[in-house]
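Peer 1: Put together the whole structure using the sequences plus the hints.
Heads up: the protein sequence lines correspond to chains F and R, in order. Okay, so the first sequence: first residue is 1 according to my numbering, each after it adds one. Okay, so the second sequence: first residue is 111 according to my numbering, each after it adds one.
Derived from the structure by calculation, the hints contain no laboratory data. Any given hint could turn out to be false.
As the list claims (entries may be wrong) - Reference excerpt, derived from the structure (chain F facing chain R, CB under 8 Å, subset only):
| no. | residue |
| --- | --- |
| 1 | Phe-7 |
| 2 | Glu-24 |
| 3 | Asn-51 |
| 4 | Val-58 |
| 5 | Glu-60 |
Said to hold, decoys possible - Derived DSS-like pairs (lysine-lysine); straight-line CA-CA distance at most 30 Å:
| no. | chain 1 | residue 1 | chain 2 | residue 2 |
| --- | --- | --- | --- | --- |
| 6 | F | Lys-45 | F | Lys-2 |
| 7 | F | Lys-44 | R | Lys-348 |
| 8 | F | Lys-87 | F | Lys-2 |
| 9 | F | Lys-45 | R | Lys-341 |
| 10 | F | Lys-56 | R | Lys-261 |
| 11 | R | Lys-350 | F | Lys-44 |
| 12 | R | Lys-346 | F | Lys-3 |
| 13 | F | Lys-44 | F | Lys-12 |
| 14 | R | Lys-341 | R | Lys-261 |
| 15 | R | Lys-346 | F | Lys-44 |
| 16 | R | Lys-200 | F | Lys-45 |
| 17 | F | Lys-56 | F | Lys-87 |
| 18 | F | Lys-44 | R | Lys-341 |
| 19 | F | Lys-68 | F | Lys-12 |
| 20 | R | Lys-200 | R | Lys-350 |
| 21 | F | Lys-95 | F | Lys-56 |
| 22 | R | Lys-261 | F | Lys-3 |
| 23 | F | Lys-45 | F | Lys-3 |
| 24 | F | Lys-44 | R | Lys-305 |
| 25 | R | Lys-346 | F | Lys-45 |
| 26 | R | Lys-305 | F | Lys-68 |
| 27 | R | Lys-346 | F | Lys-68 |
| 28 | R | Lys-261 | F | Lys-44 |
| 29 | R | Lys-261 | F | Lys-75 |
| 30 | R | Lys-305 | F | Lys-56 |
| 31 | F | Lys-75 | F | Lys-44 |
| 32 | F | Lys-45 | R | Lys-305 |
Claimed, not checked - Beyond 10 Å from chain R on every Cβ pair, some chain F residues (computed):
| no. | residue |
| --- | --- |
| 33 | Lys-2 |
| 34 | Lys-12 |
| 35 | Leu-25 |
| 36 | Asp-27 |
| 37 | Asp-39 |
| 38 | Asn-42 |
| 39 | Thr-57 |
| 40 | Leu-59 |
Backbone N, C-alpha and C fix where the C-beta goes; we use that ideal spot for every residue, glycine too.
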Amino acid sequence: MKKRANFLFIEKQDDVYTVSMTPELQDDIGTVGFVEFVDEDNVKKDDPILNLEASKTVLEAYSPLTGKIVERNDKAVSEPALLNSAKTEENWLIKLSDVDEAEFNQLEDA
Amino acid sequence: MLNQEDRLDYLIRYLLEEKPNGQELAQSELNSMDEKFELFRGLCNVREAKLVSDEFIETQDAFLTEWNHDRKITRLDDLQPVQSQIYLWKGDITTLAVDAIVNAANSRLLGCTQANHDCIDNIIHTRAGVQLRLACDEIMTEQGRMEAAGKAKLTDSYNLPSSYVIHTVGPFIDERGVSPIKEQLLASCYSSCLKLADEQGLDTIAFCCIATGEFNFPNERAAEIAIQTVKEYLSKYKSKLNVIFNVFSEEDLTIYENLLVNE
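Peer 2: What follows is the structure, given as structure tokens:
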């Protein structure tokens, strides 16, 4: 199941929720040149999860859900333009666990 | 005691001497105060964030204090609210003696670096003094990355009549126009500034028309977002802040009047 919130996609697979870029966000910010994830693992909905410096804007992205960050797309730190890719395998940001499924279900369908 | 022209001469000499090929910029004889002032302003605009002598600061502060106060200064008491806690005022934001004025910054957050550029970031930094760029540089060095759109940072206002400057970076609108993301970023600019002002215990904040200048946000839509965000914030958080919408152009005055007064 795929949802959207805070201009990001969230895909649920078992108990892991993968947060990735939407095409609208990619179009709006332009080519990404710098990515920095927050160090904090436990995030609440709307807490910052990463900072992006792109050709058209500098942006802080906010978590669409409360949960625990179990994985970050570290490859995007060394190769930021991956976040401009159309493929979720490349443009994902973080993976969350410990998410309240009801909160996820309430989000807008993608 | 030095007069204003003596002070300007000293400041220009100092700024030229610290530049590697500064003397070339000196051009021909500068005769009028206006010409001297424009050179001083341009040199400050392009000056990097680096240490400056105490004597320079002292002379600059004396010059700017007199120059900034040699105009009509406006306080909250001089204005009438158009709605509860909300004021509309047309004029130069650097003449406002209120707790905080909002600066429409860019993501480097160091002030406009284009000599004598006619933007709000330029005039706020010029009239505040070179200390403002140093203060911003300190914030940015500590942060270690560029400033994201929609956030807010507070500094002293140095020689301005206001107490503080709140710096915020608006969304830049390109040829594809306004998008939902950019609308939300503009709303975040307003709510982040209000939140910061409340955290600091301020009474009054004056907003410029964020993102409508160099950043091309359409004026009417920007005003709608500004007013809606401010009203929602004040009621949601029961904030006691007085909010001044500061407009500079006749066009923005009409837009805000239509939205605030004639609704």
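Peer 1: Would you pick out the hints that fail for this structure and give their numbers low to high?
Peer 2: Those not satisfied are hints 16, 35, 36, 39 and 40.
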